[in-house]
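J.: All chains should be built: construct the whole structure from the sequences, respecting the hints.
So the chains spell out like this:
2 protein chains.
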Amino acid sequence: MPSLRKELPRGFRWAAVKAGIKASGRTDVAVAVADRMASAAVMFTDNQVVAAPVTVGRKHMAATQGCVKAVVVNAGNANCATGAPGIAVSEETCRKAAELFGCAAEEVIPSSTGIIGVPLPIEKLTSALPHAAERLAHSNAAAEAFATAIMTTDTKMKVSQATVEAAETSVRIFGCCKGAGMIGPQLGPPHATMLVYLFTDIAAEPAVLRELLQGRVEASFNSISVDGDTSTNDTVLLLASGASGVKWSDAPRSFQDDFCDALQHVCNELAHAIIDDGEGVTHVVTLEISGTANDADAKTIAKSIAHSPLCKTAWSSADPNWGRIIAAAGYAGVPFSPEETTVTIGGVKVFDRGVRAAGYDEAVVHEKMKQREYTIAVSVGSGPGRSRFLTCDLTVEYVHINADYST
Amino acid sequence: MPSLRKELPRGFRWAAVKAGIKASGRTDVAVAVADRMASAAVMFTDNQVVAAPVTVGRKHMAATQGCVKAVVVNAGNANCATGAPGIAVSEETCRKAAELFGCAAEEVIPSSTGIIGVPLPIEKLTSALPHAAERLAHSNAAAEAFATAIMTTDTKMKVSQATVEAAETSVRIFGCCKGAGMIGPQLGPPHATMLVYLFTDIAAEPAVLRELLQGRVEASFNSISVDGDTSTNDTVLLLASGASGVKWSDAPRSFQDDFCDALQHVCNELAHAIIDDGEGVTHVVTLEISGTANDADAKTIAKSIAHSPLCKTAWSSADPNWGRIIAAAGYAGVPFSPEETTVTIGGVKVFDRGVRAAGYDEAVVHEKMKQREYTIAVSVGSGPGRSRFLTCDLTVEYVHINADYST
Numbered sequence: 001m002p003s004l005r006k007e008l009p010r011g012f013r014w015a016a017v018k019a020g021i022k023a024s025g026r027t028d029v030a031v032a033v034a035d036r037m038a039s040a041a042v043m044f045t046d047n048q049v050v051a052a053p054v055t056v057g058r059k060h061m062a063a064t065q066g067c068v069k070a071v072v073v074n075a076g077n078a079n080c081a082t083g084a085p086g087i088a089v090s091e092e093t094c095r096k097a098a099e100l101f102g103c104a105a106e107e108v109i110p111s112s113t114g115i116i117g118v119p120l121p122i123e124k125l126t127s128a129l130p131h132a133a134e135r136l137a138h139s140n141a142a143a144e145a146f147a148t149a150i151m152t153t154d155t156k157m158k159v160s161q162a163t164v165e166a167a168e169t170s171v172r173i174f175g176c177c178k179g180a181g182m183i184g185p186q187l188g189p190p191h192a193t194m195l196v197y198l199f200t201d202i203a204a205e206p207a208v209l210r211e212l213l214q215g216r217v218e219a220s221f222n223s224i225s226v227d228g229d230t231s232t233n234d235t236v237l238l239l240a241s242g243a244s245g246v247k248w249s250d251a252p253r254s255f256q257d258d259f260c261d262a263l264q265h266v267c268n269e270l271a272h273a274i275i276d277d278g279e280g281v282t283h284v285v286t287l288e289i290s291g292t293a294n295d296a297d298a299k300t301i302a303k304s305i306a307h308s309p310l311c312k313t314a315w316s317s318a319d320p321n322w323g324r325i326i327a328a329a330g331y332a333g334v335p336f337s338p339e340e341t342t343v344t345i346g347g348v349k350v351f352d353r354g355v356r357a358a359g360y361d362e363a364v365v366h367e368k369m370k371q372r373e374y375t376i377a378v379s380v381g382s383g384p385g386r387s388r389f390l391t392c393d394l395t396v397e398y399v400h401i402n403a404d405y406s407t
Numbered sequence: 001m002p003s004l005r006k007e008l009p010r011g012f013r014w015a016a017v018k019a020g021i022k023a024s025g026r027t028d029v030a031v032a033v034a035d036r037m038a039s040a041a042v043m044f045t046d047n048q049v050v051a052a053p054v055t056v057g058r059k060h061m062a063a064t065q066g067c068v069k070a071v072v073v074n075a076g077n078a079n080c081a082t083g084a085p086g087i088a089v090s091e092e093t094c095r096k097a098a099e100l101f102g103c104a105a106e107e108v109i110p111s112s113t114g115i116i117g118v119p120l121p122i123e124k125l126t127s128a129l130p131h132a133a134e135r136l137a138h139s140n141a142a143a144e145a146f147a148t149a150i151m152t153t154d155t156k157m158k159v160s161q162a163t164v165e166a167a168e169t170s171v172r173i174f175g176c177c178k179g180a181g182m183i184g185p186q187l188g189p190p191h192a193t194m195l196v197y198l199f200t201d202i203a204a205e206p207a208v209l210r211e212l213l214q215g216r217v218e219a220s221f222n223s224i225s226v227d228g229d230t231s232t233n234d235t236v237l238l239l240a241s242g243a244s245g246v247k248w249s250d251a252p253r254s255f256q257d258d259f260c261d262a263l264q265h266v267c268n269e270l271a272h273a274i275i276d277d278g279e280g281v282t283h284v285v286t287l288e289i290s291g292t293a294n295d296a297d298a299k300t301i302a303k304s305i306a307h308s309p310l311c312k313t314a315w316s317s318a319d320p321n322w323g324r325i326i327a328a329a330g331y332a333g334v335p336f337s338p339e340e341t342t343v344t345i346g347g348v349k350v351f352d353r354g355v356r357a358a359g360y361d362e363a364v365v366h367e368k369m370k371q372r373e374y375t376i377a378v379s380v381g382s383g384p385g386r387s388r389f390l391t392c393d394l395t396v397e398y399v400h401i402n403a404d405y406s407t
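Residue numbers (the working numbering), protein chains in the order written: chain A, 1 to 407; chain B, 1 to 407.
Among these hints, one or two may not hold up.
No copy is singled out in the list; a pair is fine if it fits within one copy or between any two copies.
[Said to hold, decoys possible] Derived pair list, reagent style DMTMM-like, types lysine to aspartate or glutamate, alpha-carbon separation capped at 20 Å: (1) 368 x 352; (2) 370 x 404; (3) 18 x 339; (4) 59 x 339; (5) 124 x 144; (6) 6 x 250; (7) 368 x 404; (8) 368 x 250; (9) 59 x 46; (10) 156 x 144; (11) 156 x 269; (12) 6 x 144; (13) 156 x 205; (14) 156 x 373; (15) 6 x 276; (16) 156 x 361; (17) 247 x 99; (18) 124 x 269; (19) 156 x 257.
Hints listed in this document are in silico derivations from the structure and should not be mistaken for laboratory results. Quantities reported herein were computed from a predicted structural model and do not represent experimental measurements.
T.: The following block contains the structure:
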């Protein structure tokens with residue numbers, strides 16, 4: 001289990017309690033509270049079907065224009081496909097939290113993750129909130145408790161930290177997330193069940209945070225897939241407390257660049273952690289697609305390969321069946337010529353402009369693919385488009401996990 | 001094993017031999033020959049990467065404008081990603097067949113199915129052809145031998161027949177196909193590795209056959225999916241010998257309608273047989289999507305559900321996890337409102353305009369889903385669009401089959 005080794009961003013407290021929503025009896029309600037009001041930016045799922053907390057969260061962010069006092073997350077129940085009663089449950093959660101934390105209900109962002117279509121037991125959730133409020137603390141233990149309570153089928157807590165040096169002080173970033181299945185995020189400007197919470201103590205306007213977040217999410221959370229199933233609940237929330245005293249608008253360009261890099265680093269680490277802990281995953285595969293007309297085309301090819309059951313099952317046994325890779329690229333809907341296409345696996349060329357690479361040795365590639373992590377590079381021409389996309393194999397264990405979920 | 005019970009279309013002979021291309025040592029070269037020249041229509045895969053026989057087949061059909069004397073199919077090797085040498089192999093196959101059957105090389109259509117990227121041993125194939133020629137026969141045994149030799153991971157021979165009564169005679173249709181994995185056909189006007197061969201003794205111009213074929217394929221082979229992996233080799237070939245003496249152009253409208261229905265029936269039976277014999281399949285699921293703006297949108301939603309690993313794994317254990325179904329519909333990219341959406345499984349309503357259906361009983365739905373075949377109906381509104389799409393579950397056995405394919 002990774003643990004927190006750097007300073008946490010100032011201005012936040014965290015807590016987690018057991019509300020009895022998870023069948024396992026583990027902690028299942030996580031709360032984060034800003035000492036003062038935090039600036040916020042959020043991205044929710046692009047799914048046409050969204051959970052009640054996403055609907056409520058969108059409304060609250062629109063109402064406050066990006067002011068957040070508290071976040072309340074429950075795991076074990078997605079509060080999705082629960083209709084008007086589900087919306088009422090999310091709103092009631094925010095009202096109770098607002099009373100406890102001295103803010104408006106609109107200044108609370110709710111999140112839920114777990115099974116779809118089952119009413120969320122509101123009494124369990126709201127009666128747990130006072131206990132959570134009592135335990136709020138600015139400590140590694142509290143932040144880790146938060147990061148642990150949001151887990152569902154995850155086997156590991158997923159956290160990442162960064163520190164950015166400013167003139168006389170430093171700015172801190174702490175991120176945590178959950179997600180192991182139903183992972184194929186498509187986050188839109190204002191978009192798993194991937195839940196990601198990013199905390200920083202920089203002082204920045206919500207508009208700045210939105211731009212920062214959108215820029216970081218595209219190359220991280222929007223470029224990963226376990227199963228391609230885009231959740232109804234995916235949420236990435238960035239909160240800035242301002243408690244470092246460092247103002248984005250006054251900071252020199254070099255600091256801004258460093259902050260962007262640090263935030264990208266945290267997003268990338270968390271995105272990697274999601275794939276690495278993906279349901280049944282035994283291999284993490286980075287797809288590097290290049291040579292398309294534009295980046296969007298490259299990503300389309302990457303997703304086609306990442307979602308191909310034949311590619312994913314071959315990876316599970318370190319099978320260098322690269323024919324499946326070019327077939328999946330070929331049905332992506334992006335025009336390209338196999339005669340201009342090359343494919344390398346773990347740095348070894350397997351397909352070279354229309355044919356099997358000269359000197360191709362299956363045993364060599366098989367050895368490369370036995371590693372837990374490797375890269376498959378597909379170049380389909382000389383265009384400037386490229387995509388780096390993180391995905392994983394499809395194993396018997398994935399099928400077991402998902403065939404046995406609710407029964 | 002289904003067997004042939006009706007009269008075969010006149011004017012064709014079939015044969016199959018062992019060429020040593022399949023590792024199993026089973027029959028792997030199948031030949032069909034028209035006594036006189038047959039009219040033909042063909043649809044090949046829409047994949048950007050196509051096998052050599054598809055390239056050669058397209059060229060031959062263009063050169064002859066739809067005149068076919070013979071079809072030569074090999075199983076065990078897809079002759080794909082084999083470059084110019086692969087093309088030469090396909091062309092050489094056609095030349096040898098042309099010598100044997102007394103026609104031009106362009107009047108021979110080659111097909112291949114099996115592993116991608118491995119050179120097809122031309123000597124094995126061409127030296128087998130004379131043996132096949134000796135065995136050609138117009139018999140059930142010969143037609144079944146053809147249908148059996150084209151199989152790869154298929155566990156069953158797939159055949160279908162129909163007879164259409166004409167004024168003083170009858171017109172016969174015989175179809176056979178192979179395909180169990182890499183099944184997500186996207187066949188275009190002149191589009192698995194699904195291979196489908198349709199034989200009839202009607203007399204019709206290639207232009208008529210093309211129109212007939214395209215109309216039938218959309219609702220059958222283009223509306224099925226095992227794994228969504230569109231092959232580089234998919235081929236549907238319709239051959240008309242004319243030997244019944246019934247001319248399409250002279251036939252009454254009522255006969256034409258009957259013939260269309262019969263051809264659709266054969267295509268539907270073969271398409272169903274492919275899903276029923278899909279790799280690792282334990283449940284065949286018909287998706288009936290309705291209420292979209294148009295049929296294309298309905299099919300997009302159907303494919304999103306049919307390709308969702310979470311839906312497919314839930315079906316494998318008869319798990320009524322309908323939240324996964326609405327989530328997959330929701331990320332298809334087609335706008336709809338959950339509040340106007342209903343979902344039934346095996347005739348039992350599970351989701352009703354935004355919420356779990358009143359009186360929902362998981363045990364009842366679980367029982368319905370234990371059947372090998374059932375229907376999931378999703379209505380997303382009041383639009384006229386609809387799609388009927390046939391798919392299957394994703395099982396541990398599918399993973400085993402495809403993780404162990406070439407190693």
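J.: Can you tell me if residue 156 and residue 373 fall within 20 Å by alpha carbon in one copy, between copies, both or neither?
T.: within (18 Å within a copy, 38 Å between copies)
J.: Using 20 Å as the alpha-carbon threshold, which applies to residue 370 and residue 404: within, between, both, or neither?
T.: between (28 Å within a copy, 14 Å between copies)
J.: What label fits residue 18 with residue 339 when the C-alpha limit is 20 Å: within, between, both, or neither?
T.: neither (58 Å within a copy, 33 Å between copies)
J.: Which holds for residue 156 with residue 144 at a C-alpha limit of 20 Å: within a copy, between copies, both or neither?
T.: Within one copy, since 11 Å is at most 20 Å while 55 Å is not.
J.: From the Cα coordinates, with 20 Å as the cut-off, is the pair residue 156 and residue 205 best called within, between, both, or neither?
T.: neither (33 Å within a copy, 65 Å between copies)
J.: How would you label the pair residue 124, residue 144 (within, between, both, or neither) given a Cα cut-off of 20 Å?
T.: Cα proximity of residue 124 and residue 144: none, with 22 Å in one copy and 64 Å across.
J.: Indicate which option fits the pair residue 6, residue 276 if close means a Cα-Cα distance not exceeding 20 Å: within, between, both or neither.
T.: Cα proximity of residue 6 and residue 276: none, with 22 Å in one copy and 56 Å across.
J.: Is it within, between, both, or neither for residue 156 and residue 269, if the alpha carbons may be no more than 20 Å apart?
T.: within (13 Å within a copy, 48 Å between copies)
J.: When no copy is named, should residue 124 and residue 269 be tagged within, between, both, or neither for a Cα gap of at most 20 Å?
T.: neither (33 Å within a copy, 53 Å between copies)
J.: At 20 Å max between alpha carbons, let me know whether residue 6 reaches residue 250 within a copy, between copies, both or neither.
T.: Neither way: residue 6 and residue 250 sit 25 Å apart in one copy and 85 Å across, limit 20 Å.
J.: With identical chains treated as interchangeable, where does the CA-CA distance between residue 156 and residue 361 reach 20 Å or less: within a copy, between copies, both, or neither?
T.: Result: close neither inside a copy nor across copies, 37 Å intra and 34 Å inter.
J.: How do residue 156 and residue 257 come out at 20 Å by Cα distance, when the copy is not named: within, between, both, or neither?
T.: This pair counts as neither: shortest intra-copy Cα distance 31 Å, inter-copy 62 Å.
Of the numbered hints stated above, those contradicted by the structure are hints 3, 5, 6, 8, 13, 15, 16, 17, 18 and 19, listed in ascending order.
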